Amino acid sequence: MPPLDPNLSEKDVLQALQGTLEVVDTLRVIDNLNNLVARGGFMLNMAFLDGDQLAVRERFWALFDHYCRVVPLQEMVWWRIGRPLPFLSERAQKQIADERTYRFNPKVVHSFRMGSGLQSLKMRGPAIWDDHAQAHYCKVFIRDSKSMWFRDTHITPGSGPSPSVVRFGFPVSWVRGGGDTAGFVKQAVQILQPLWATAGWGVIPAPTEEISWSNEAQQRLYPWLERFAGIDAISSFTLNKTAFHKGMPSINWINFVSDALLQPLGGREAVRAQVQASQWLTAKDVGNCLMVQAGPFPSVCDTLSGLPLPAGFGEAARLLKPIRVQGVLNSFVSSKGGHGPDDEDWQRDCDQWFGRFDRYGL
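Residue 373 in the working numbering sits at position 316 of the sequence shown; the count goes up by one each step and never skips.
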């Protein structure tokens, strides 16, 4: 399968993007309870430290306002405690106002979810909102002082702080409607100043993120991941592990790496020089991060239709491999269903998935 030409014309890029949109939009995973637990879309994952600090929390709320300006708020659902609520409802707005005040208290966690699907919120039975993947998705978990250091203090001394995580998912329809994916993520990084971030096609989970062996969701998702190498799939639970305060997951179309993580690679200028020597990669300073982009648009590599993946994905994976996490079990990735940390099949699946781009384009 030939890689995409980095010198594609604008018309060629648009045509290839339309083909990609078609295949990403086909990704749907139904579990054994008939819940739509995952769907394809555009994902932005961001990890950062010092979530208990006021300056960091202020940046997050500026990011949240940025997000609210681009999503259809009249269709959105807010979920913090109790039942999910229409975002524009009086009760939800009261909870949001309360949540904003918590930024002044370093002992309080910011934790909530959002998504579209207001109509399904009003239904019950098979269409219950929180068990079904919605078109738009948002997950926020910003740590307080205690939870940040809990694992380091009580479970694995020396493991370091656990990161805070913010995630956004957008549907293919938003991209088709003119949604500026690259523009949104660059502005988001400029605002939040994360430790690292990745953006591109990914799995949008249900708000509950129930993808496990017990509902057969892992086993049913895995063939999609084998078909679409460019589809990112990782849970919020996985990203909250301490390993991600000093490492990244596998790369995606756009990757943002802060100076703290660039040091093991020789620093920002050394990495920039390697990117500039590539015919596939591009680099740009964005906020506190160096952006490494793998190709002119987000592709997926559909093994059924022959849709290729830019060789830049392989180059970016090899470039950033020294700061990739090791030995992490991803609760969204298992061919047979992961059954605990001693499950060797699960360990192997996860290792292969994190390194799936390493030999691409060689």
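Bear in mind the hints are in silico, worked out from the structure with no lab data behind them. All of these numbers come straight from a predicted model, not from anything done at the bench. The C-beta atom is built at its ideal place from N, Cα and C for all residues, glycine as well. Any given hint could turn out to be false.
Label-pair restraints from in silico Cβ distances [what the hints assert, rightly or not]: (1) 151 with 331: 45 to 53 Å; (2) 214 with 416: 33 to 41 Å; (3) 140 with 83: 42 to 50 Å; (4) 397 with 87: 37 to 45 Å; (5) 323 with 79: 39 to 47 Å; (6) 74 with 176: 40 to 48 Å.
Comparing the hints with the structure gives:
1. Separated by about 50 Å at the C-beta atoms, residue 151 and residue 331 satisfy the suggested range of 45 to 53 Å.
2. Remark: the range hint 33 to 41 Å for residue 214 to residue 416 is upheld by a beta-carbon distance near 37 Å.
3. A C-beta distance of roughly 32 Å is found between residue 140 and residue 83, which places it outside the suggested range of 42 to 50 Å.
4. One distance hint, 37 to 45 Å for the beta-carbon pair residue 397 and residue 87, is violated here, with the actual separation near 25 Å.
5. For the hinted restraint 39 to 47 Å between residue 323 and residue 79, the CB-CB distance of approximately 40 Å keeps it satisfied.
6. Remark: the range hint 40 to 48 Å for residue 74 to residue 176 is contradicted by a beta-carbon distance near 29 Å.
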